[in-house]
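Asker: One-letter residues, chain by chain:
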Amino acid sequence: MGPSAIMTAYIARRLIGFGVTLLVAAMVIFYLLDLLPGDPAQFILGINATPDSVARLRLQMGLDAPAYQRFVEWLGGMLRGDFGMSYTQRAPVASLIWDRLGVTLPLALAAMVISILVGLPLGILAARRRGKALDTSIMVLAQTGVAIPNFWFGMLLTLIFAVGLRWLPPGGFTPWGEDSGAALRGLILPSLALALPQASILARVMRTSLVEVAGQDFIRTARAKGLTMDEALWRHGVRNAMLPVLTILGLQFAYLIAGTIVVENVFYLPGLGRLIYTAILERDLILVRGATIILIIAVTSTMLLTDIAYAVVDPRLREGSRT
Amino acid sequence: MNKMLKAFGIVLGMSAALAGVAQAAPTEVRIGVALEPPMLDPTAGAAEAIDIVVYQNIFEGLTRIDQNGEVQPGLAESWTISDDGLTYTFKLHDGVTFHDGTSFDAEDVKFTFDRILGENSVNAHKEFYTPITAITVVDPLTVSMTLDHVVGRFLFDLGRGDAVIVAPESADNNANEPIGTGPFAFVQWDKGSRVVLEAYGPYWGAPVHLTKATYVFISDTATVTNALLAGDIDGTNNFAAEALAVFEGNPQFKVLVGTTEGETILATNNRKAPFDNLKVRQAMAHAIDRKAIIDGATYGYGTPIGAPFAPHNPYYVDLTDTYSYDPAAAKALLAEAGYPDGFAATLKLPPVAYARLSGQIIASQFAEIGIKLNLINVEWAQWLEDVYSNKDFDLTIVSHVEPFDIGNYANPDYYFGYDNKQFQALIETLNGTIDEAKRKELAIEAQTILAKDAVNGYLFELAQTGVWNAKLTGMWQNSPIEGLVLRDIAWTE
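In the order they appear, the protein sequences are chains A and B.
When the letters of the first sequence are read in order and numbered with our numbering, they come out as residues 607 to 929.
When the letters of the second sequence are read in order and numbered with our numbering, they come out as residues 36 to 528.
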């Protein structure tokens with residue numbers, strides 16, 4: 607097999623794994639949530655409601671059908687791109703989720719970009735000044751960054767920039783279509799709050815990885831060819847040190863998408879995390895299932911892309927797949 | 036790398052320069068509310084969050100309830116009641132239009148009630164309107180309703196959010212695009228974020244002061260505090276009592292403390308031993324120190340109650356001394372009931388601060404007389420399933436927030452399972468009585484029976500604790516019905 611055939615086989619295997627994961631996840635999500643106590647119809651109508659109305663609403667929501675039948679209908683619907691109607695919100699699940707992605711995706715991406723822009727340079731800088739005061743200060747900062755909880759840092763940012771200085775809104779979100787400047791401003795503090803621990807982790811991983819690479823033979827060879835240490839690290843070291851960093855980045859993006867709920871609550875943003883949280887409380891199970899499946903698709907495809915990115919960055923992985 | 040850092044710095048700097056919180060214009064208001072309504076049709080759901088946004092703002096009924104809990108004319112400018120109390124004839128306001136431009140007339144009233152009573156109705160309170168046997172359109176501005184028996188609070192029930200008038204053209208879409216006849220029209224709903232209303236120009240009634248109202252959904256107390264301090268919202272009508280101190284001394288804000296319709300009770304499973312024993316329930320009533328509970332669980336806000344009835348109601352009678360706090364008497368009663376060493380029971384607590392905190396205090400008060408409570412925290416959905424539907428509980432703490440809901444005690448199938456034929460007959464008489472003096476007498480008798488029977492532990496009436504910008508006026512201090520009525524709210528200066 608030529609290199610491209612090996613690559614194709616590698617990707618195909620990953621794709622099959624991707625499909626199987628999704629199917630299993632769909633079954634687990636459906637049946638586990640079915641075990642939750644609680645009835646959305648009762649939730650909507652409250653504790654003084656006429657029992658007759660509650661029964662009627664259950665019927666209208668299709669909650670009376672047996673579980674396997676509802677599972678098949680749900681799965682079939684999703685394959686056709688139809689995620690069903692939310693029980694409590696009486697709106698299509700797909701559009702509810704789509705609207706929320708307009709907040710959560712930019713937020714997660716912005717946090718990702720910020721953490722890369724801050725974390726990687728700091729990590730490289732620390733590695734270059736290993737053992738010096740700068741290295742120590744950066745690592746102390748990073749340690750603190752990992753330790754500070756998102757919500758607390760978010761509150762701190764709000765107090766300084768929204769309550770004190772009044773430069774930025776304390777929370778809330780203006781839709782992109784209405785005023786994209788305001789939408790962007792609304793995401794600055796939340797993405798900073800979200801990025802801090804990620805940037806700290808990236809800085810630590812980058813530093814460790816680069817320190818390790820700096821001691822390897824090929825760097826010495828590069829130095830011997832006349833490159834300065836900076837040049838040698840920049841041209842040969844960083845690319846090699848990127849492997850563990852990529853792994854972390856893949857995991858972090860998954861974490862960022864799924865883990866925005868705390869920050870969304872602090873900044874009252876209409877994001878996916880808050881949507882799922884409320885839906886669980888209201889037993890809007892069809893919405894919880896739809897949103898969870900989309901999260902799983904997002905996370906598993908990120909993993910898939912990371913795997914492929916690995917193979918591109920590191921030919922050894924592709925070669926290794928032959929054995 | 037340094038370039039990257041610099042670029043990042045520049046981006047941050049630019050965004051900071053662009054920023055600046057917009058100042059609300061003096062005719063617009065932004066209100067923080069803790070819970071987002073699942074949808075906006077008050078005739079198809081009972082969530083208080085729906086009424087907070089729409090009641091008397093977007094939708095109106097034939098009558099409306101004012102801030103003292105009194106019935107006022109709404110879309111019906113006047114009415115007559117036949118001598119037998121069975122036929123109501125309403126004269127409707129002329130020139131009323133729905134927000135989509137269609138006109139309002141007697142046919143819409145008939146449509147609304149046919150819909151509530153129809154086979155596919157999911158109205159939470161159908162039972163208030165089932166006595167209606169006929170709705171007749173006399174002419175476009177006159178409609179009459181005939182009841183099969185006298186209903187003492189019929190005019191009040193017509194003023195509830197469940198009975199707002201909707202139009203056949205738009206009723207099906209009211210969940211997401213509500214169209215009513217009220218002073219404010221629905222503009223947009225950014226799910227998860229806010230609902231925007233604007234004053235409706237052709238409104239038939241007295242013009243309102245605000246041009247625009249935005250409901251912003253924020254649940255976390257610290258976040259609401261910051262939003263108020265930063266000026267992102269101008270007020271909220273249900274602020275966490277524990278953080279009120281932040282605003283009490285601040286001249287930029289005013290704190291409005293009033294009453295609600297929320298009777299907080301230690302609901303007791305009367306079907307189950309030992310709670311089916313009157314002496315046990317009396318012992319528990321003697322073991323409850325209401326003041327300690329109010330101080331500890333709601334930071335002193337709230338009014339002690341001795342029966343499930345709102346203290347601001349004209350029919351209210353103070354029965355808090357029926358079984359005063361007296362652990363010795365409680366122990367004696369327990370011994371008489373055959374439990375000299377007490378017993379163990381579970382207390383299921385829904386996820387609201389007042390319930391969780393009251394639960395801990397009651398557990399320690401009950402421990403003094405030998406009742407060992409095992410506290411179990413549950414979510415609302417689980418509470419509804421376990422406690423409310425399956426009646427699988429010993430004790431629970433919950434607030435019953437609907438106006439005049441004493442009738443629940445006449446339903447033996449209700450979750451706490453109180454079955455007293457005398458009380459049931461009394462409520463039936465009360466429901467069928469129109470004469471005010473007679474109604475008051477009956478209501479007092481009903482409260483007294485419930486107090487003496489110690490059906491549940493009656494703890495306190497929830498307070499409404501609002502925080503508003505000091506320049507805003509016209510907010511309701513009390514909440515005699517679920518809603519946040521914008522009609523009179525205005526900026527001074």
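These are computed hints drawn from the structure, not numbers from a lab.
We treat Cβ as the ideally placed atom computed from N, Cα and C, and that holds for glycine.
One or more of the hints may lead you astray.
[Said to hold, decoys possible] With beta-carbon atoms standing in for the labels, derived distance ranges:
#1 Trp704(A) - Glu476(B): 35 to 43 Å
#2 Asn443(B) - Pro643(A): 20 to 28 Å
#3 Glu679(A) - Gln223(B): 28 to 36 Å
[What the hints assert, rightly or not] Among the chain B residues that face chain A by a calculated CB cut under 8 Å, a handful are:
#4 Glu212
#5 Asp225
#6 Ile253
#7 Thr258
#8 Leu419
#9 Glu420
#10 Ser434
#11 Asn443
#12 Pro447
[What the hints assert, rightly or not] Reference listing, derived: stretches of chain A covered by chain B, where coverage requires no fewer than 3 residues with Cβ under 8 Å from a Cβ of chain B:
#13 692 to 706
#14 741 to 750
Asker: If a hint holds in the structure, say so; if it does not, say that too.
Answerer: Tested hints:
1. The hinted range of 35 to 43 Å is not satisfied by Trp704(A) and Glu476(B), whose Cβ atoms lie roughly 59 Å apart.
2. Between Asn443(B) and Pro643(A) the beta carbon distance is about 23 Å. The supplied range of 20 to 28 Å therefore holds.
3. Between Glu679(A) and Gln223(B) the Cβ separation comes to about 32 Å, which falls inside the hinted range of 28 to 36 Å.
4. A distance limit of 8 Å between C-beta atoms decides the matter here; for Glu212(B) the minimum to chain A is near 11 Å, and the interface restraint is violated.
5. For Asp225(B), the interface hint holds, the least distance from its beta-carbon to any beta-carbon of chain A being 6 Å, beneath 8 Å.
6. Of the supplied interface hints, the one on Ile253(B) holds, with its beta-carbon coming within about 4 Å of a beta-carbon of chain A, less than 8 Å.
7. The beta carbon of Thr258(B) comes within 6 Å of a beta carbon in chain A, closer than 8 Å, and the hint placing it at the interface holds.
8. Because the closest C-beta pair between Leu419(B) and chain A is about 5 Å apart, less than 8 Å, the hint holds.
9. With its C-beta approaching chain A no nearer than about 4 Å, Glu420(B) sits inside the 8 Å limit, and its interface hint holds.
10. Interface hint at Ser434(B): violated, since its Cβ lies 10 Å from the closest Cβ of chain A, which is beyond the 8 Å cut-off.
11. Interface hint at Asn443(B): satisfied, since its Cβ lies 7 Å from the closest Cβ of chain A, which is below the 8 Å cut-off.
12. The closest approach between the C-beta of Pro447(B) and any C-beta of chain A is roughly 14 Å, which is over the 8 Å cut-off, so the hint fails.
13. Interface restraint, the segment 692 to 706 of chain A with chain B: holds (7 residues with C-beta to C-beta distance below 8 Å; minimum three).
14. Only residues whose C-beta sits within less than 8 Å of a C-beta in chain B count toward coverage, and the segment 741 to 750 of chain A has 0 of them, not enough to reach three; the restraint is violated.
The structure does not agree with the numbered hints 1, 4, 10, 12 and 14 stated previously, though it agrees with the rest.
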